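J.: Spelled out from the first residue to the last, the chains are:
2 protein chains.
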Amino acid sequence: MHYTIGIDLGGTTMTAGLVDEKLNIVGKLTRPTSLPRPAADLEEALADLCRAVTESCGVPYTAIDYVGIGTPGSVDFNTGIIGNNPNFGYSNWALGPDMQDLLGCKVYVENDANAAAFGEYIAGAAKGCRNAVIITLGTGIGSGIILGGKLLRGFNYAAGEMGHTVIVKDGRHCNCGRRGCWERYASARALTEDAQAAMQEDRGSLMWKVADHIEAVNAKTPFDAAAMGDATAKRVLDNWIDYVGCGLANVVNTFEPEIICIGGGVSAQGEVLLGPIRDYVLAETHNFTSEKAPLIRACTLRNDAGVLGAAALAESI
Amino acid sequence: MHYTIGIDLGGTTMTAGLVDEKLNIVGKLTRPTSLPRPAADLEEALADLCRAVTESCGVPYTAIDYVGIGTPGSVDFNTGIIGNNPNFGYSNWALGPDMQDLLGCKVYVENDANAAAFGEYIAGAAKGCRNAVIITLGTGIGSGIILGGKLLRGFNYAAGEMGHTVIVKDGRHCNCGRRGCWERYASARALTEDAQAAMQEDRGSLMWKVADHIEAVNAKTPFDAAAMGDATAKRVLDNWIDYVGCGLANVVNTFEPEIICIGGGVSAQGEVLLGPIRDYVLAETHNFTSEKAPLIRACTLRNDAGVLGAAALAESI
Chain A
0 MHYTIGIDLG GTTMTAGLVD EKLNIVGKLT RPTSLPRPAA DLEEALADLC
50 RAVTESCGVP YTAIDYVGIG TPGSVDFNTG IIGNNPNFGY SNWALGPDMQ
100 DLLGCKVYVE NDANAAAFGE YIAGAAKGCR NAVIITLGTG IGSGIILGGK
150 LLRGFNYAAG EMGHTVIVKD GRHCNCGRRG CWERYASARA LTEDAQAAMQ
200 EDRGSLMWKV ADHIEAVNAK TPFDAAAMGD ATAKRVLDNW IDYVGCGLAN
250 VVNTFEPEII CIGGGVSAQG EVLLGPIRDY VLAETHNFTS EKAPLIRACT
300 LRNDAGVLGA AALAESI
Chain B
0 MHYTIGIDLG GTTMTAGLVD EKLNIVGKLT RPTSLPRPAA DLEEALADLC
50 RAVTESCGVP YTAIDYVGIG TPGSVDFNTG IIGNNPNFGY SNWALGPDMQ
100 DLLGCKVYVE NDANAAAFGE YIAGAAKGCR NAVIITLGTG IGSGIILGGK
150 LLRGFNYAAG EMGHTVIVKD GRHCNCGRRG CWERYASARA LTEDAQAAMQ
200 EDRGSLMWKV ADHIEAVNAK TPFDAAAMGD ATAKRVLDNW IDYVGCGLAN
250 VVNTFEPEII CIGGGVSAQG EVLLGPIRDY VLAETHNFTS EKAPLIRACT
300 LRNDAGVLGA AALAESI
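Order-wise, the sequence lines are chains A and B. Everything in the first sequence is counted per numbering that gives the first Met the number 0, starting at 0 for the first residue and increasing by one. Everything in the second sequence is counted per numbering that gives the first Met the number 0, starting at 0 for the first residue and increasing by one.
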């Protein structure tokens, strides 16, 4: 039996999973990332995590084909060097080459959003669909694009920034420097902010009952209040879903994928979210896709998507 | 020496080019499409055109590897069947299979916009750039997307409809059923209509001198008047270029191609058009593409793009 190791490297924790040939996670270890610390220290800690997860499963280290790492930042997949990683405080970080030296095996490094998207393709909601787009509604909108079973990386590994496509010309300012980016209207954060703004206008909204105070509002708040019959919450939600749908219809007209998977905490809302989104996207794209509209589903792997995608990176090329 | 034949099938004329292994057009014949007529008649005429162009070059028909056809309509590249072709009045037209029977060789059929885009990639402005996007500013906005040297076709051959991605949510009505599509603001037709509207507001605009009457206005009119110093034309043009740039920045954040090629009659404006577009796109995407911004150039093949792309379709898969 051969194995790979997939690492989900975050600003708070780092998780390594030992993954078998059938893409089962046979062992998993999570440790604090303990930032700030020098890059060399973190690399040693990552190498130790790899050894520990392998030993804990009683697997000899020689059975590891390669290690894949998903990390924040702008990653050059070809060199394994991370040009810019503001969260970690390193620049031009040679994570891939350094880890290859430390581990003595091939190491792939990929952007964490791409790695997680590839995980959903290889082992999750998009399994078997060789043309898939994974959209994560979080603080921003992350996207991972799989075409012909391979990750779309772009000429310099900056493709797939669908969250920063403008859908409202001259609209809300985005921290990327543009105005009217999709994520400024359709991320979970945008929903939260829209809900907060609507609550300030309507002191009688049930959103005030769902959340104790305005800072406790999150993307779930308007869903909960709308389910209780709150008209203001319903209005906020309908408006937000329109923007989600608008961007997804753009995704369809751009890629015509077989499936779009929606990730992020808000995807736990299930059909309450997915039903209206499907209706919106179908209405806006039926002229092109005829009867064969792309499937729209929720992601299924949650926190394991990053580990599984990283563990399968050799197949993403 | 081996050859292929590329056919550019339009509603008015049909052109067949005999193309050698080095992608030179060694002979070309154009005849009227003569619509309306039964599909079987048109197929016979296409077969005759293929024989005629081959004979005119003194090439034996056995030297033809395959025939490629670029045609309007929604083409299933895999089957060669055209589901919907309103211009021609046929539906579920088995053009590919029928032509294979008539010609006795392999026949590829592709959407005309995709074929022309592939022509620019294989032999024109995007030659050598394996990740390229071709944007044609015409009545609408056509787009052809080449990734890894292959055409992006989508799950059911409906990908690459960048003209129908919304950049102004709830904006101008589009005949695709959406509102605020890119092509409603940034096509050559949109520029023409914006110029006409501005002329009605400003009877002193030099655009009235450039065009004899309002129906004679086209996308070149505001360029000519702006070059003569007309402020109204300049304003119309600047606004239009903003919308062209906004959509191109979306293209960059989506695909990060090595090059974007601009086609359509308006691309003859050269640097007057391309300079401001480059500035706009660079300003809106520099956070992602760092120093390596995609090239933005004009298409070079003009009417030959369709013939050359069709003649090379076997390489597009």
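Among the clues, some could well be false.
As the list claims (entries may be wrong) - Straight-line C-alpha distance at most 20 Å; calculated EDC-like pairs for lysine to aspartate or glutamate:
(1) B:168 - A:314
(2) A:168 - B:241
(3) A:168 - B:64
(4) A:168 - B:278
(5) B:149 - A:241
(6) A:126 - A:241
(7) A:291 - B:75
(8) A:149 - B:314
(9) A:219 - A:237
(10) B:149 - A:257
(11) B:21 - B:64
(12) B:105 - B:314
(13) A:168 - B:193
(14) B:168 - A:97
(15) A:168 - B:169
(16) A:126 - A:257
As the list claims (entries may be wrong) - Footprint (simulated), chain A over chain B, 3 or more residues, beta carbon under 8 Å:
(17) 111 to 125
(18) 223 to 235
(19) 255 to 264
Unchecked claim - Which chain A residues stay away from chain B? Per the calculated CB distances, all over 10 Å, these:
(20) 62
(21) 152
(22) 168
(23) 213
Treat the hints as calculated values from the structure; they're not laboratory data. Only a predicted model underlies this, so the values are computations on that prediction, with no experimental measurement involved. Heads up, the beta-carbon is just placed ideally off N, CA and C, and yes, glycines get one too.
J.: A separate judgement is required for each hint: does it hold in the structure or not?
T.: Hint check:
1. B:168 - A:314: Violated, at roughly 38 Å.
2. A:168 - B:241: holds, 9 Å
3. A:168 - B:64: violated, 48 Å
4. A:168 - B:278: holds, 17 Å
5. B:149 - A:241: Violated, at about 33 Å.
6. A:126 - A:241: violated, 27 Å
7. A:291 - B:75: holds, 13 Å
8. A:149 - B:314: holds, 19 Å
9. A:219 - A:237: Between residue 219 of chain A and residue 237 of chain A the Cα gap is close to 14 Å, so the pair holds against 20 Å.
10. B:149 - A:257: Between residue 149 of chain B and residue 257 of chain A the Cα gap is close to 18 Å, so the pair holds against 20 Å.
11. B:21 - B:64: holds, 14 Å
12. B:105 - B:314: holds, 13 Å
13. A:168 - B:193: holds, 17 Å
14. B:168 - A:97: Between residue 168 of chain B and residue 97 of chain A the Cα gap is close to 46 Å, so the pair fails against 20 Å, i.e. violated.
15. A:168 - B:169: Roughly 11 Å separates the two Cα atoms, so the pair holds.
16. A:126 - A:257: Holds, at roughly 11 Å.
17. 111 to 125: The restraint on the segment 111 to 125 of chain B is violated, since only 0 of its residues have a Cβ under 8 Å from chain A and three are required.
18. 223 to 235: violated (count 0)
19. 255 to 264: The restraint on the segment 255 to 264 of chain B holds, since 3 of its residues have a Cβ under 8 Å from chain A and three suffice.
20. 62: The assertion about residue 62 of chain A holds, with a minimum of 32 Å to chain B.
21. 152: violated, 8 Å
22. 168: violated, 5 Å
23. 213: With a cut-off of 10 Å, residue 213 of chain A remains clear of chain B, as the shortest Cβ separation is near 27 Å.
In this structure, the hints that do not hold are numbers 1, 3, 5, 6, 14, 17, 18, 21, 22, in rising order.
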